[in-house]
Every structure is written in structure tokens, then in C-alpha cells.
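J.: Residue 1 is where the sequence shown starts when you use this note's numbering, and the numbers rise one by one after that.
Don't take each hint at face value.
[Said to hold, decoys possible] Cβ-Cβ distance ranges computed for the label pairs, FRET-style:
(1) Asn237 <-> Arg211: 17 to 27 Å
(2) Thr45 <-> Lys207: 39 to 49 Å
(3) Gln219 <-> Leu96: 19 to 29 Å
(4) Glu138 <-> Arg303: 24 to 34 Å
(5) Asp139 <-> Lys207: 50 to 60 Å
(6) Arg218 <-> Arg265: 24 to 34 Å
(7) Lys92 <-> Asn12: 42 to 52 Å
(8) Arg211 <-> Tyr296: 17 to 27 Å
(9) Asn134 <-> Arg218: 31 to 41 Å
(10) Val220 <-> Asp128: 19 to 29 Å
[Said to hold, decoys possible] Here are the simulated DMTMM-like pairs of lysine to aspartate or glutamate, each with C-alpha atoms no more than 20 Å apart in a straight line:
(11) Lys44 <-> Glu64
(12) Lys299 <-> Asp278
(13) Lys301 <-> Glu230
(14) Lys92 <-> Asp102
(15) Lys44 <-> Asp59
(16) Lys207 <-> Asp241
Derived from the structure by calculation, the hints contain no laboratory data.
Idealized CB from N, CA, C, for every residue including glycine.
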Amino acid sequence: MAKHKILVIEDNKTQANIVKDNLTKNGYDVLLAVDGISGFKQAKTERPDLVLLDRVLPDMDGNEVCRWMKLDPSTRDIPVIMLTARSTSSDKVAGLEAGADDYLPKPFDETELIARISVRLRSKSQQDELKKKNRQLEDMLSQVENLAVMDPLTGLFNRRRFETILGNEFRRSVRYHSPLSLLMLDIDHFKIINDTFGHQTGDAVLKECARLFHDLVRQVDTVARYGGEEFVILSPNITRDSAFQAADRIRKAIEAHSFPGVEGRSITISIGVASMPDPALDSEEKFIHSADMAMYEAKKKGRNRVVSA
């Protein structure tokens, strides 16, 4: 097990060496600093497990050094035990208000010093373990939240998350009369792909399409798997004509892409486009239905095309 590292900030060399010898004898690695500035720098660079800080230093008050340490993110969690020949209540209060974790008047007993160090290190270890568990819990909760809103196969938003985003964007479009376009995309003859090449290859095609969709749209656009081989792209501040052009670029990119595992077969998609503002689209359901019907019209007209509602 690695030794605990202790930084002693003490300008009196005789006193510093006595403390160092005692700490070394009790199994600690010891660093020495003779003034506040060098001590603070060592605390930042060496990241000791604990600091023994003299109250009276040649360049500044020990309370000020302690205050700096507790304000700096890289040193604020390091326990500080203040050492001082002053033992009045006001001195102790000043040290504790500066952020010191403990206060030990000089001259101090070696056994008491070691005991106080042990207590502070044990407390820090418990705090570090608690922080580690909290981080693990936060990571686990984040993973659970991601599972609730992400499609596990493609890594895109799922239908539930998409509908939440759609609701927010739809209300914003209605309120401010701003353009909003919705693309409904469906992979053509996907059942044949599954039946011919197997579901594993079919899944690979879905994942590759999802990646391409994500790469081909703006950062402000929302791409989601709507279900099966259907995808949706929600584009704020995009008019009908611009949305049609964007949809056709996506269609051409999919058609030109070489998909692994399908033996040179061309993968194509049919896309329906619906756009707002439109007086007929007075609900989210009608908005989705309009894009859906346009997509089915693209299917009827021979697939691998874009139809605007």
C-alpha cells in the first residue's frame, strides 16, 4: 500500500526536521516548504494527502495560505492541520474560519500529532470513497436515463424522446410562426434485405443508415429511430423547399453508399416531407401524419424518392 504523503509548511528548520523525523518514523512520506508561497505551489503540484501548516510564516500569514488552498479546486480537498504557538480562542477561530480542518498548539505531543493526522486521513479516505460511490451512482443514473431516451441498436433518440422534442419545437413554431420541417424516412424493401441476408445484416444496415443520417444533418436537427426501419429528422428554421433539398441530398447519399454485407446491393430510402407553418397542421399528430402520408406516396410512386406533403 502506498505511503501517505504529508506536506509540512514550516519556516523553522529545526522544528520542521523534528516533525519530518517523527512522521517518517511513523511511515509517512514528507515534503518540506519554508514559506507560504512555495508551500502553496507544492500543494498544487505534489497533491499531498495532508498539510501541516505553521500559522506564522516569513512571507504571509498561515491563515491566508489555508484560505488559498481551500479556494483552489486542485487543493481544496486536502486536509489542513494548523500548527501555532498562539493558543487563544480568537486564533483558533481565525484558523478554522480560514478553512483549517484541525488546530494544534505548539509545543505538541508527538503521539497527539500522529493521532490527529490519522483521524484526518481516515476522514479524507472516507470522503474520497463516498465521492467515488456518488460518481458511480451518477454514471449509473446517466446510463439509465440514456436507456430511457436512446434506441439501443442505432444510438439515436428513440420515438419517446423524439415526441418530447417535437412537442417543444411544434409549440415554438406555432407561437413564433417560425419554419419547422419534418422528414419521415423509410428504408425501401427492408424485409427483402432481412430475408436475403439475415437479420444481423439488416441490423447493420439500420445502424449504418442511422450514422449517415446523423452525419448529414445540422447539429440543431434531431434524428431519431421512429420504429422498425423508419426514421425521422426534425429540422427547425427550415422551409419546405430547403427541407426537400436536404431530404434529396440524404436520399442520394444513401443510394450512393456501399453498405457492407449486402453484396453490392443498392440500399435506397423513401422520404416524406411536411413543413410548417401550415394552417392545416394544427397538432403534432397531424404534422407527423402529413409527413407519413407523403412518405407512403413516395413508396407508391416507385420508392427511392422524396415527396413533399
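J.: Now tell me if each hint is right for this structure.
T.: Checked hints:
1. Asn237 <-> Arg211: 17 to 27 Å: With Cβ atoms ~24 Å apart, the hint holds.
2. Thr45 <-> Lys207: 39 to 49 Å: holds, 46 Å
3. Gln219 <-> Leu96: 19 to 29 Å: violated, 49 Å
4. Glu138 <-> Arg303: 24 to 34 Å: violated, 46 Å
5. Asp139 <-> Lys207: 50 to 60 Å: violated, 24 Å
6. Arg218 <-> Arg265: 24 to 34 Å: At roughly 30 Å between Cβ atoms, arginine 265 and arginine 218 fall inside 24 to 34 Å, so the hint holds.
7. Lys92 <-> Asn12: 42 to 52 Å: violated, 21 Å
8. Arg211 <-> Tyr296: 17 to 27 Å: holds, 25 Å
9. Asn134 <-> Arg218: 31 to 41 Å: Holds, since asparagine 134 and arginine 218 (Cβ atoms, about 36 Å apart) stay within the stated range.
10. Val220 <-> Asp128: 19 to 29 Å: violated, 40 Å
11. Lys44 <-> Glu64: Measuring from Cα to Cα gives roughly 15 Å; hence the hint holds.
12. Lys299 <-> Asp278: Not satisfied, since the Cα-Cα distance of roughly 24 Å exceeds 20 Å.
13. Lys301 <-> Glu230: holds, 18 Å
14. Lys92 <-> Asp102: holds, 9 Å
15. Lys44 <-> Asp59: holds, 18 Å
16. Lys207 <-> Asp241: At roughly 28 Å apart (the allowed maximum being 20 Å), aspartate 241 and lysine 207 break the hint.
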